[in-house]
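Since chain A is already given, all that's left is putting chain B on it; use the hints.
Chain order of the listed sequences is A and B.
Under this note's numbering, the residue at position 212 of the first sequence is numbered 214, and the numbers go up by one with no gaps.
Under this note's numbering, the residue at position 69 of the second sequence is numbered 189, and the numbers go up by one with no gaps.
Think of the hints as simulated: they come from the structure by calculation, not from any bench.
All values reported here derive from a predicted model rather than from experimental measurement.
C-beta: ideal position from N, C-alpha, C; glycine also.
Careful: at least some of the hints might be erroneous.
To be verified - Derived Cβ-Cβ restraints for the label pairs, each shown as a range:
id	chain 1	residue 1	chain 2	residue 2	range
1	A	GLY135	B	THR369	56 to 64 Å
2	A	GLY218	B	ARG373	45 to 53 Å
3	B	LEU316	A	THR34	52 to 60 Å
4	B	VAL150	A	ALA160	53 to 61 Å
5	B	ALA139	A	GLY135	46 to 54 Å
6	B	LEU316	A	ARG220	35 to 43 Å
Listed below are the residues making up each chain.
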Amino acid sequence: MTTEAGTTEAGTTKPGRWASGRLADAVPVLVTTLVVLVLWYAGAAWLNLPQAEEALARSGKPFGGLDLLLQTYSMKRPILPTPDQVVVELWGSLTGYPLTSPRNLLFHAAVTAQAALTGLAMGVALGTLLAVGIVYTRTLDASLLPWVIASQTVPILAIAPMIVVILGNLGFTGLLPKAVICMYLCFFPITVGMVKGLRSADPLWLDLMRTYSAGGLRAFWSLRLPASLPFLFASLKVSVAISVTGAIVGELPTGGQAGLGARLLSGSYYGQTVQIWAALVMAALLSVLLIAVLRVVERLVLGRGGVQ
Amino acid sequence: MHSPSPSRTSGATGQPAPAPIVQARSLSLVYPTADNRPVTALSEVDLTIARGDFVSLIGPSGCGKTTLLRVIADLEQPTGGSITVEGLTPEQARLKRLYGYVFQAPALYPWRTVERNVMLPLEIMGIPRAERQARAREELQRVGLSGFERKFPWQLSGGMQQRASIARALALKPDLLLMDEPFGALDEITRDHLNLHLTQLWRSTGKTCVFVTHSIAEAVFLSTRIVVMSPRPGRILDVIDCDLPRERTLDIRESPEFAAIAHRVRDGLKEGHSYDD
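Just chain A, same shape as in the assembly (with noise of 0.2 Å):
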């Protein structure tokens, strides 16, 4: 019996390690997800608990426990909303109108994500530049670096308002502030990456170069651009979630017609919480998004070559 399970196992290997591996992959996730919503209903709960205690009291019906805890689920405004209430409201957003409408988060999670990429593409551009400076130039090595690491000292709370005064006398308006203050973020990791990187080349690999009496150019093309690909993407993924973060905050100061960020200054003007946590939400699925593209993208790049 047992020999016989064994032998069909054995002959089943590879589908059969596969569907396990995805099995006892899921379990963390799932004890994870499940701890943290029975951790958030346990804190709307308590959180709502004197909303909820005030409008059952103003009704004027008696009320039991359940109706109490109940009520906490149910509140128009709560403090901290329940998940499914989240759900519903972003799943409202999501169906409930056109892409069109600035009462659908997709519009306004486009809008967030645009901001986003072009600054990251920005930030890219900028932070490489920097590190082959600092990697092929000695005066730039010792100068630079420090200079880099105070910009991102200052609170980006603090700057991103200037920035966007700044470049609006100057006649930028709408993407460009914003995709700047994604960019001020977002250069620092790529640049720290790259440093790294350029000079991640193996010893006998820059010496191999000399042998072919390949140039400058040629060794960064062939050799140290390559090199440093797993360390530009280590960076990227940092990255792409600040710069999720700094469109949202480039939203704010604008005093935001559309974005995630305008989703939640509006939100707070009115004192809908529910409105708040759905946008928080769709922020947080964009940068899952925009990281699972991402991986794809450093798969299809790296090759097998990336995997050791």
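Below, chain B without anything else, positioned relative to chain A:
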């Protein structure tokens, strides 16, 4: 300090070859150090390497054998004496890509397939793509790696990676092959196998090889001449002709001739150690 040894003179005169491929005269290299006690990596090295020879540089670590090889390759600059490679300065020879270099580690670029690694020097030379690929395939076949063109380096064993790196050095079609302990990191069985492979390759291509090793058996098995070196300062103690037949099999290592030469090399290395103590 430098007791005149008769063997040194034999190294200087060497065989009367008409055009030596490498010629070094009182070559020295001194590294300056922070504590003002310069390290003499090479001292008064005289060496002539004739075309078609297989020359091994053998000695304990720190004897300057790798440094000497790197000076020939223009990866290090000597501080005294003179050296020519194919009648040119090492730099000119390097710029004309007259040698192929095999490092201690395979040093394959991990993001390139085996074939594209071998094609790299040809890419840099600006050879058209079709020819690049044909030459890469030819060299991979020569080292017995046909069928592995599309593999990535990490998918190959250590011995196969080193063979790929030899194919890469051969792709330049150099007359001179410089090898720095290429099999040092491999197990003995693989090493024997690759030594056999290398001696056949050397015989069939007629290239000149300069081979750094610290294995006496390896040096005797592969070489036509063995240069025995000694550390502090790095110098040549003896140059031993290894006049075994050119066609060699692993069995040759059991022969008395082989043992006699190995004995001489060992004696030479011992002599070097007596300088230390």
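**Q.** Distance restraint evaluation - VAL150(B), ALA160(A), Cβ atoms, bounds 53 to 61 Å
**A.** Holds - the Cβ-Cβ distance for VAL150(B) and ALA160(A), about 57 Å, lies within 53 to 61 Å.
Q: Confirm or reject the claim that ALA139(B) and GLY135(A) have a C-beta distance inside 46 to 54 Å.
A: holds (48 Å)
Q: Given the hint of 35 to 43 Å, check if LEU316(B) and ARG220(A) actually sit that far apart at their C-beta atoms.
A: For LEU316(B) and ARG220(A) the Cβ distance comes to about 36 Å; the hint holds.
Q) Could one say that the CB atoms of GLY218(A) and ARG373(B) fall in the range 45 to 53 Å? A) At 47 Å between Cβs, range holds.
Q. Does the Cβ pair GLY135(A), THR369(B) satisfy 56 to 64 Å?
A. holds (58 Å)
Q) Between LEU316(B) and THR34(A), is the Cβ distance one that fits in 52 to 60 Å? A) holds (57 Å)
Of the hints listed earlier, there is not a single one the structure fails to meet.
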